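Engineer: One-letter residues, chain by chain:
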Amino acid sequence: MADMEKTRAEPVEAWITGIGLTTSLAEGLDAHWDALAQRRINVDATTFAPYLVHPLAPVIFDQQIPKKGDQRQMEAWQRIGTYAAGLALDSAGIKGNTDILSKMDMIVAAGGGERDLAVDSAILSSEAQGNSSPGYLNERLVNDLRPTLFLAQLSNLLAGNIAIVHGVTGSSRTFMGEEAAGVDAVRIALARIAAGQSDIALVGAAHNGERKDQLMLYEFGDFNLKDTFQPVWAREPKGGFALGSGGAFLVIESKAHAQARSAKPYARLTNVVSDLARRQHPGEITATLDKLWSKLGPVHSDAAIISGAPGTEPATAEERAFLRQHPEHPVRATATAFGQIVEAQFPLGIALAALSLSHGALFPPNDPTGVEIEMSAAPTQIVVTGTGHWRGEGMALVEAVR
Amino acid sequence: MTVTRDKFGRPIVVVTGMGVVTSLGIGKTDNWARLTAGESGIKTITRFPTEGLKSTMAGAIDFVPVEPFSSTVLGEKLADIATEEAVAQAGIGSKGDFPGPLFLAVAPVELEWLPRQDVARASGANTAIDYDALLRVAGGGRFAPYHHRFMFGSVADHLADSFGTKGSPISVSTACASGASAIQLGVEAIRRGETDAALCVATDGSVNPEALIRFSLLSALSTQNDPPEAAVKPFAKNRDGFVMAEGAGALVLESLEAATARGATILGIVAGCGELADSFHRTRSSPDGKPIVGCVKNALADAGLGVDQIDYINAHGTGTPENDKMEYLGISTVFGERAKTIPVSSNKSMVGHTLSAAGAVEAVFSLLTLEHQRIPPTINYDVPDPAIPFDVVPNVARDARVTAVMSNSFGFGGQNASLILTREPI
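Protein sequences appear in the order of chains A and B.
Read left to right, the first sequence gives residues -7 to 394 (the numbering used here).
Read left to right, the second sequence gives residues 5 to 430 (the numbering used here).
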C-alpha cells in the first residue's frame, strides 16, 4: 500500500464557517456565549417529576420556518432541528444562496419516533379494560393516527424538512444510532471534504427531551437523573442524565470554497475519529478514548477539552479516568448545562469549541467538583469528546485559524 | 499490471460477496431461480389480524421465525443471514473478523406494541394507563432489554459484534433509498483509501400493524388484495400502490487492488453512485422531475458513462401511480428516445417493496443480472400504461447482453439515489 500512500493527495483543509444553536440555554451564538459566561443552567424539575429535563429556551419558529403549514408537518425535534439548521446557514452567510445550497451535502444525525401519547394511552387503557378482540389495535390505529404523524416521526424527515424549508439539496443522508450517529455524521462530512468528495456540508442533529416516551425508553435502562440536579461530574456513583432539548448544526467547507466566497472561519475542523468499544469489561471505554486521542494528530499541552460525557455510568467514570491522564488540559462538560441531547451532543461540543476558538477564550467552568479548571489563555486547540451512554466513542480536534 | 484505478484516478470498487433474503426465499440461488421464473413472494398476511385494514397482503418473511414477533429482531436476523452468505462467498478475513467498516441501512427503530403492552400490563392499572403509569414501572431493570433492543444503533452494534467489522458502524436511513446509500458510503470510504474493504448491508422487517397502517394512511399501498401475488403492478395502467415487504441484502465491497491481491473472485464493479435531494414535498417528487434527472445524471457522471452505455435499468418501480410516472419522466428526460427501448424492470413486482433494504436487494439482483446475462421480468404487467412506454420486460425473463446496469432508489423525504453496476472495470 506504500505506493497508494504516496499517490494519495494531501487532505483538503476544512473550516467551520457556520454554527446554529438552539438549546435549553438560549437561541443563537451571542446568547449562548453570555449564558455560558454566566454559568446558567436551565433545568426543569417539576414538569416531568421525578425526572429532570432541560427544556428548550423560547424560540420563535417563524423566524426560520416561515410557513405555519411546514411547522404543522413536523414534530418538535424536527422543528428544533430545522430551526437550528437555518441559524447555521444564516451564520455561514449562505441562507437563500441557491447556487451553493443546491450543491450542499447534508448529513443529519437523527432519532425520531415521537409518539402520539394520547393515542397510545387510549389504546392501552382500553385494552386494560378488556378490549382485546383481534383487530382492535388495527381499528384504533386506523382511526386515531394522524396521517402526517408518520412523516413527523420518520428519522430522515428532519433532513427532508431542511431540504424543503431551506433548500439544501446537494445530498441528504441521515445517520441513526444515538450519540455515535452525531459523531459519525461529522466524521463522514469531514472525510468527504478532506478527500475532495464534497466542498461544503451541513451537519448536525436535534433532540426533543421533553417527551415521556423518550424518558420511558431511557428509564428502562435506569439512565434518567431523578429528583435532584447535580453537575455531570458530581453524579457518581449512580450517575444519570437529564434529557435536554436542543439542536446543533454546523456548516463545514473546504478552505478554498470558503475563501472563494470570502467566508470567515470560526475554526478549523482538523480531525474526527470514532470507534465502538465492546464494553464487555471495565476500562474498555477509557482504553478506546486513549486510542482515539492518539489518532487525533498532535495535541498541544495547552489544548482544552469539551467533554460530551453523558453523566450515566459507567461511561462517565470511564471518560473521567481518561481525562485524569490529561490533567493539564482544562475540561468543560456540555451535559451539565445542556443535558443529554443524544445525537446532537457531539455537534454541540464542536459548535462550542469553534465558538470558543473564534472568541479567543474558553467559557468558564461550571462544576463544583474540581474536574473543570479555569483557563485564562486563549485556546488554539480544543478536543471534543463524545462518549455514548450505551455504545460509541468519538473525538474531534478543532483548531483556531490564524 | 492490472489497472486498479478508474478513469478519475480513484480505486476501482468491486463486489466480492453477496447475500440476499426476500419473500422469495433465502440466498442468491433460490431468489434468482424464482425471480427469473416470474414468481411472486406476496401473500395474505397471517402474522397479525388484518381486520379493518385496507391492505391485507405483504411480502412478509415468516420462514425466519421470531417469537414473539418484533420487526427489529426480524430485521436483525435477516441482516445476519444475508451477511453470512456475503462474507462466506467473499472468503474475506476470518470468522468474526471482517477487515473493514460496516454501513447498515436499517428502518428507524422504535419501541413496538408488544413491549409497550407488556409494560402496560406491568403497571397493574386496569382503567387509565397513560405514560405516567408506564414510567412508574419502567425502571428498576426488569425492562432493561427493551432499552438495549430499541436503541437506533442496536442492529448495527449487533452486526459489528458478530462479524467483527472495524470502527464505528454507521446506521443510515434515507427511507426507501437507504440500501443504495449504504453502498454509496462503502464505495466512498474505499475510494478515499480509508479501507480496502467495506461491508454494506440493508435490512427491513417492518411488516407490523402500525407500519402498515402508517403507509396506508398516506394512500401509498395497493389495496388489490386478491389475489395477493397480483397486487404489485409496476408501470401498468391499473397499478394502485406498493406492497410492503421484508428482506435483506448484503455486499462485500473491496478495492480491486486488494481483491486481486488476495485472489478473490470478482462478481462485479460498483462503477458509480449518484444522489440528489428533492425539496418539493415530503412524499411527492418535484413535478418537473429535475431531482430524479439530476440524481441519474450524477450517477452516470460518477461512473464516467454515457446513457448509451447502460444496457438495463433496474427500476425503483414501486407500483405507486406517482413513483412510476415520475421515474418514467426522469429516465426519459435523461435517456431520450432510448427510454422506449432500453429494458427497465421492477424486482418489486415479485418481492414487493423491501423499503430500507430495497437498494441493496436490488443491487444484488442487478449483479446477478450481469452474471447470468438474463433480465428478471416485471410481472403483473397486463394493462400497459400508454403514458409510460417503457420496455418493462413484461412477465417473462429475457436473456440479454448486459454490461452495465443502473439501479434506482427513491424515497420519502426527497431521497434519490442511483447506482451503476458493471461486470468488468470500465
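Since the hints were made in silico from the structure, they are not lab data.
Each hint should be verified, as a subset may be incorrect.
Among the chain B residues that face chain A by a calculated CB cut under 8 Å, a handful are [stated by the list, open to error]:
#: 1; residue: Phe67
#: 2; residue: Pro69
#: 3; residue: Leu118
#: 4; residue: Asp165
#: 5; residue: Gly168
#: 6; residue: Arg218
Keeping only pairs whose Cα atoms sit at most 27 Å apart, straight-line, the calculated BS3-like set for lysine-lysine is [unchecked claim]:
#: 7; chain 1: B; residue 1: Lys170; chain 2: A; residue 2: Lys287
#: 8; chain 1: A; residue 1: Lys95; chain 2: A; residue 2: Lys287
#: 9; chain 1: B; residue 1: Lys58; chain 2: A; residue 2: Lys87
#: 10; chain 1: B; residue 1: Lys329; chain 2: B; residue 2: Lys344
#: 11; chain 1: A; residue 1: Lys95; chain 2: B; residue 2: Lys344
#: 12; chain 1: B; residue 1: Lys99; chain 2: A; residue 2: Lys283
#: 13; chain 1: B; residue 1: Lys47; chain 2: B; residue 2: Lys58
#: 14; chain 1: A; residue 1: Lys95; chain 2: B; residue 2: Lys99
#: 15; chain 1: A; residue 1: Lys95; chain 2: B; residue 2: Lys47
#: 16; chain 1: A; residue 1: Lys283; chain 2: B; residue 2: Lys344
#: 17; chain 1: A; residue 1: Lys95; chain 2: B; residue 2: Lys58
#: 18; chain 1: B; residue 1: Lys241; chain 2: B; residue 2: Lys58
From the derived model, a few chain A residues whose C-beta atoms are all more than 10 Å from chain B [claimed, not checked]:
#: 19; residue: Ala27
#: 20; residue: Ala120
#: 21; residue: Gly127
#: 22; residue: Asp219
#: 23; residue: Pro223
#: 24; residue: Ala248
#: 25; residue: Glu385
Keep in mind that this is a model prediction, so the values were computed, not measured.
All C-beta atoms in this analysis are idealised placements derived from N, C-alpha and C, irrespective of residue type, glycine included.
Engineer: Please name the hints from earlier in the document that this structure breaks, with their numbers sorted from lowest to highest.
Structural biologist: Hint check: 1, 2, 3, 5, 8, 9, 11, 14, 15, 16, 17, 20, 21 and 25 fail, others pass.
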